[in-house]
Each structure stands twice: as C-alpha cells, then as structure tokens.
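Trainee: What follows is the residue order along each chain.
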Amino acid sequence: MASTSKSRKTKHIIYYVVMILICMMYLVPMYMAFITSLKARADINLLTAWKFPTHPTAIGYQHAITKLAPYLRNSFVLTISGTVISAFVGAINGYIFSKNKFKGSELVFTLMLFGMFIPYQIILIPLFDTLRRLNMAGLNGLILAHVVYGIPIVTMLFRNFYDQIPNSILESGRIDGASYFTIFTKLILPLSVPSFVVVGIWQFTQIWNEFLWAICLTSQETNPITVGLSQLAGGQAVAWNDSMAGAIISAIPVLCIYIFLGKYFVQGLLAGSVKE
Amino acid sequence: MSRKNSKETLYSVLILLPSIILVAIFVYGFIGNTIYSSMTDWKGMSATPVKNFIGLDNYKSLFTSFMNKGFRQDLVNTVFYTVFLLAGTLIVGLLLAILLDRPIKHEGIYRTIFLYPMSLSFIVSGTVWRWLLAPSGGLNAIPTWFGKNQGTFQWISSKKQIWSFNWQNVLQVLSVLVALLFVVFLISAIASQDKKGIKKNIIVIAALLVFAFLIEPLFPAGLSDEEMHGFNLATLGILFAGTWQYSGYAMALYLAGLRGLSGSIKESAKLDGANEFVYYWKIAIPNLKPITMSAVVIMAHISLKMFDLIYAMAGTDNEFTGHPSVRMYTTTFRANKLALGSAMAVILFLFAAMFIIPYMVHSHKERVQ
Chain L
1 MASTSKSRKT KHIIYYVVMI LICMMYLVPM YMAFITSLKA RADINLLTAW KFPTHPTAIG
61 YQHAITKLAP YLRNSFVLTI SGTVISAFVG AINGYIFSKN KFKGSELVFT LMLFGMFIPY
121 QIILIPLFDT LRRLNMAGLN GLILAHVVYG IPIVTMLFRN FYDQIPNSIL ESGRIDGASY
181 FTIFTKLILP LSVPSFVVVG IWQFTQIWNE FLWAICLTSQ ETNPITVGLS QLAGGQAVAW
241 NDSMAGAIIS AIPVLCIYIF LGKYFVQGLL AGSVKE
Chain Y
1 MSRKNSKETL YSVLILLPSI ILVAIFVYGF IGNTIYSSMT DWKGMSATPV KNFIGLDNYK
61 SLFTSFMNKG FRQDLVNTVF YTVFLLAGTL IVGLLLAILL DRPIKHEGIY RTIFLYPMSL
121 SFIVSGTVWR WLLAPSGGLN AIPTWFGKNQ GTFQWISSKK QIWSFNWQNV LQVLSVLVAL
181 LFVVFLISAI ASQDKKGIKK NIIVIAALLV FAFLIEPLFP AGLSDEEMHG FNLATLGILF
241 AGTWQYSGYA MALYLAGLRG LSGSIKESAK LDGANEFVYY WKIAIPNLKP ITMSAVVIMA
301 HISLKMFDLI YAMAGTDNEF TGHPSVRMYT TTFRANKLAL GSAMAVILFL FAAMFIIPYM
361 VHSHKERVQ
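Residue numbers (the working numbering), protein chains in the order written: chain L, 1 to 276; chain Y, 1 to 369.
Read the hints as simulated data drawn from the structure, not as lab findings.
Watch out, some of these pointers could steer you wrong.
Stated by the list, open to error - Cut-off 25 Å, straight-line C-alpha distance, at most; resulting in silico cross-link-like pairs (SDA-like, lysine to any residue):
1) L:103 to Y:21
2) L:101 to Y:366
3) L:186 to Y:7
4) L:103 to Y:365
5) Y:105 to L:15
6) L:101 to Y:357
7) L:103 to Y:24
8) Y:148 to L:22
9) L:103 to Y:363
10) Y:7 to L:180
11) Y:7 to L:104
12) Y:365 to L:100
13) L:6 to Y:270
14) L:9 to Y:276
15) Y:266 to L:16
16) Y:365 to L:160
17) L:263 to Y:290
18) Y:43 to L:135
19) Y:305 to L:220
20) Y:105 to L:22
21) L:99 to Y:24
22) Y:365 to L:116
Bear in mind the structure is a predicted one, so any value in this text is a computation, not a measurement.
Let the sequences and hints guide you as you build the complete structure.
Mentor: Put into structure tokens, the structure is as follows:
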C-alpha cells in the first residue's frame with residue numbers, strides 16, 4: 001500500500017515537471033522577445049541571446065512607438081468600426097436564421113458560410129479593383145471588406161447562440177402581442193450581451209491581426225499596425241530590439257483581451273467547430 | 001395567422017437581402033470574376049482594362065513553362081506546409097488535451113499558456129520567430145549550453161532539399177501518394193472487418209497503380225527537361241512557428257471534445273480494466289472523429305493563410321520558402337501580371353475547395369436533419 005502511494009506520488013511529480021517544461025517551451029518566444037526588446041542594439045549577440053540584459057534600456061520601445069504610432073491609430077479606427085458594424089449585422093442575421101427560418105433559409109445560410117472558408121486570394125484582385133473604382137481605397141475600403149467577409153462567421157456565431165434560447169420565450173412574447181421587431185429589440189437583444197462579447201472579441205482579434213488585405217488595399221497613410229510592424233521588422237539589417245519592442249506593442253491589445261476575457265475568446269474559437 | 005407568417009417571412013428576407021447581395025457579389029461574383037480573369041491576358045490595371053480571352057494558357061504556363069519553375073516548387077511546398085502543419089498541430093494538440101484531461105491544479109493557467117500564441121497575429125509571431133531563428137538568434141545558441149559549438153543551420157535560407165522528385169513524373173508521384181492514402185483506409189477497413197470497404201479500397205489502389213506505372217509512362221512529357229522539386233529544409237522554421245502558434249487551438253478543440261465524453265464512459269472503461277492508454281486509443285480518439293474533421297478543415301484553411309507568416313519570417317523573395325499565395329501577391333501587385341496572379345489564386349482556391357466542399361456538404365446535411 002505504501003509503495004503504491006509512493007509510485008503515485010512519483011507519477012504526480014513527473015507529470016507536473018512535464019507540464020512545466022511544456023509551458024516553458026510555449027513561453028520561450030515571448031521571453032526572448034521581451035528580453036531582446038530591453039537591450040541596446042549593440043548588446044545583442046548570439047552568446048548572450050538568452051540572458052536578461054545587464055543594463056535594460058527602453059530605447060527600443062521609444063523607437064518603436066515613434067514609428068508605430070500612426071499605424072496604431074489607424075488600426076484602432078479600423079478595428080473598432082469594423083467590429084461594431086459586424087456585430088450588429090451578425091445579430092440581426094442570426095435572429096432570422098435561428099428564430100425566423102423560412103423555406104430555403106438553411107440553403108442560404110450554407111451558401112453564406114462558404115465565404116468563411118475561401119482563401120482570400122481568390123477575391124483579392126476584384127476586391128482591389130472594385131474599391132479603387134468606388135474611390136474607397138484606404139481605411140473605408142478595408143472596413144467594408146472586413147464587414148462583408150465577416151458576415152458568414154458573425155452570422156453563424158449569433159445563430160448558434162440564439163439556437164440555445166428556448167422558443168418558448170419568444171412564444172410568450174408573441175402572446176403578449178410583441179411584434180417581429182419588438183421581440184428582437186426587447187427580448188433577444190438583452191439576452192445577447194454574452195454573444196456580443198464573444199463576437200466582438202472574435203472580430204476585434206481578426207481585424208487587428210489581419211495582414212493580406214491591409215497590405216494590398218491601403219497605402220502609407222492608412223496602413224494598419226500589421227503592415228507597420230512588418231516594415232519596422234523587415235529588411236536585412238534589422239534592429240532586433242526595435243522590432244521585438246514593436247512586436248510586443250502590436251500584440252498588447254489582443255493579448256490583454258485574451259488574458260482578461262479568455263473565456264469568451266475560447267468560446268468564439270470553439271463555436272465555429274464543436275457546437276455546430 | 002398565415003398572413004402574419006408570410007409578412008414575417010417577407011421581413012426576414014428583406015433584412016437578409018443586403019447581406020445576401022453583398023455575399024453574392026463579394027464572394028461568388030468575385031470568385032467568378034477571378035476565374036474569368038485567369039483565362040485572359042490581363043496586364044495592368046487601368047480605367048478600361050484590356051482582357052483578351054486566351055483559354056487555359058496561363059495554367060499551362062504555370063505547370064510547364066520554364067519561367068514558372070518557382071511556382072511549381074511553391075505548390076510542392078504547399079503540400080508539405082499543409083501536411084506537416086496538420087500533423088504537427090493535431091498531434092501536439094491532442095497530446096496536450098490528454099495531459100489536461102484530468103483533475104489538476106491551476107488548469108486554467110496551463111490552458112492560457114498553450115493557447116496564447118493563437119491570439120497573436122502571424123506578423124507578430126513571425127517577427128519573433130525570425131529573431132529566434134536568425135543566425136545570431138536564440139535557437140542556434142542552444143548547443144553552446146552543452147559545451148558544443150553554436151548551431152550553424154540556416155533556418156530560413158537553407159538550400160538543402162530532401163525527398164526530391166522529377167516534375168516530369170509528377171502524375172506518377174501523385175498517384176502513388178494517393179494510393180498510399182488509400183492503403184491507410186484499407187488497413188482501417190481490414191481492422192474493422194468492413195468487407196465492402198476492403199474491396200472498394202483494393203480496387204482504387206489497383207487502379208491508381210495501373211495508372212501510375214502502365215498508363216502514365218505513355219503520356220508525352222510536359223517538360224522538355226528534368227526539373228527537381230522536393231521538401232525544402234528552409235521551411236522547417238516556418239513549420240515550427242506555425243505549430244507553436246496553432247497547436248493550442250487543436251488542444252482547445254480536443255479538450256472540449258474529451259470533456260464532452262461523459263464521465264460514465266471513462267468509468268465503465270476503467271471498470272472493464274482498460275488502462276489510460278487503451279481508453280484514449282480505443283475509446284476517446286474514435287469518439288473525437290467529428291472534432292478531428294473540423295480541426296483538419298480549420299487547419300488546412302489556416303495553412304493556406306500562411307502568407308502572413310512567410311512574409312514576416314522570410315520575406316516575399318525567398319525562393320526556398322515560397323507559397324503560391326506569396327507568389328500571387330508579387331505577381332499581381334509588384335509585376336502587374338493580373339491574369340497570371342488570378343490563375344494562381346484559382347489554383348489555391350481549388351486546393352482549398354478539396355477540404356471545404358465535403359465539409360460544407362456534410363454540415364449542411366446535419367443541420368437540415
């Protein structure tokens with residue numbers, strides 16, 4: 001009896017050692033980015049690559065912030081407007097696909113979902129051409145692209161949430177004489193706060209992190225942060241401290257969301273696949 | 001009552017209409033437009049574009065002309081990127097999920113650490129990994145901890161290629177690979193004693209092998225010269241970064257699935273004397289098949305989005321780490337060869353469609369039921 005409890009204990013210890021080692025492996029890139037961002041450019045070399053700087057300096061952050069500030073501003077404008085518009089479009093679409101099904105609505109839904117899975121290269125050239133003709137190159141065009149190509153995912157997320165609201169609630173609303181629209185505004189919307197959080201987080205991260213459209217559809221003054229960072233960190237002679245500081249700065253908004261609202265982030269991730 | 005319902009249906013359709021129109025134009029219309037452009041000689045954007053229909057010439061050029069040799073290597077890279085990213089993320093993700101599928105302290109912290117890379121953009125993670133893999137960066141310093149010389153592997157610019165094959169034999173190679181895939185199906189059919197499945201798989205394998213070794217050699221060679229393509233070791237670093245970033249996602253999917261299996265299944269398996277390995281191998285993993293299916297589709301889709309990661313880690317002009325999406329970008333927006341860029345986009349789309357369409361049909365059927 002004593003020996004089994006002992007072997008169980010050893011097993012336990014091995015398990016936690018393995019878990020901690022794996023965690024360290026996942027954290028390495030973050031650690032390296034952080035220590036390198038605090039080094040002076042001259043102090044960066046292979047031998048001390050893993051060591052915490054002896055004289056930490058914020059010079060990398062200063063450079064990065066000066067260079068990235070306009071891109072950050074663009075990204076906030078882009079991300080917030082894109083997210084808000086998408087969320088409302090998704091809510092109303094989801095309400096219809098879940099609670100007001102009509103003949104053929106499932107087919108329409110499936111055809112809509114298709115847009116979620118296409119590699120965006122296939123629409124890139126006409127998108128670029130169309131926005132140029134509409135004189136919408138720049139942030140407005142980018143917002144439009146994010147809203148339009150976000151329709152499938154936000155619609156699906158809201159639909160999945162509304163499927164969980166029992167129809168009896170709606171029926172009781174109907175009996176009380178609530179109309180089509182008041183059911184949505186008075187009954188459904190107040191229940192939708194968690195779904196707005198999930199969809200908002202999902203779209204915020206997607207739009208903040210997006211790069212392909214950003215680099216193809218915007219120009220110097222309207223580039224968002226991903227393009228700014230790729231310029232700061234690109235090329236041959238890279239100031240690694242600046243680019244690591246830049247990477248950390250661009251990651252902060254999404255990392256904050258992830259750390260503080262992680263539960264909802266994971267819900268968004270899973271909704272698309274498991275709950276279906 | 002029915003008049004009220006038809007009124008509500010009208011509202012529904014009217015509200016959906018803007019979304020339907022936008023998706024119809026921006027998704028379906030644009031796909032059609034790109035497919036059409038790929039069959040023209042469109043060069044350069046202008047107010048009055050000149051597009052002359054030239055049929056499949058662009059595709060022919062991509063697959064056979066000397067000028068587009070690089071694109072063919074990109075296609076080979078795509079296959080490796082997709083296969084290894086799928087295998088890497090799913091296997092690591094499943095292992096992590098199994099490790100977490102027990103009562104442990106601070107489970108939330110572990111989950112957070114495994115999943116945080118997924119919240120970052122490919123540009124952020126690519127920037128950081130580019131530094132880790134740089135000649136003066138972190139990974140090459142690791143051997144010095146053990147008293148060895150620093151590593152000298154050129155992670156992103158290695159010229160080494162393994163598993164090379166001659167593009168002149170591409171159809172032969174492809175059919176042998178597909179045959180191997182069916183051998184896997186055959187083995188699983190034998191294991192589950194599915195007689196019909198065994199017969200079907202044997203027929204498919206035989207047909208593929210007959211094609212590869214008897215019919216294919218009769219075709220005239222598409223290329224006049226030998227042209228070698230294979231797995232470029234320079235892509236290893238990018239695969240590492242991708243696996244690091246997305247294995248947590250697979251973990252989250254699998255963990256949700258494992259938790260969804262009811263506790264009673266696990267209990268009864270234990271009572272039957274099944275140890276943990278048997279439980280996961282024989283009971284849990286087969287039950288997670290639908291999750292594996294979604295994960296394959298999602299990861300295949302992400303692997304086609306590797307444009308950002310490759311751009312950040314290797315730039316657009318690295319000939320070893322290329323991907324059709326990167327070449328599509330340079331061809332279209334730098335060289336202004338819009339028709340050729342469209343053709344590349346269509347090929348990428350067809351590749352993705354192999355994964356998407358079966359998945360969409362399947363989930364549509366499930367919803368309608």
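Trainee: Could you work out which of the previously given hints the structure breaks and list their numbers from low to high?
Mentor: none
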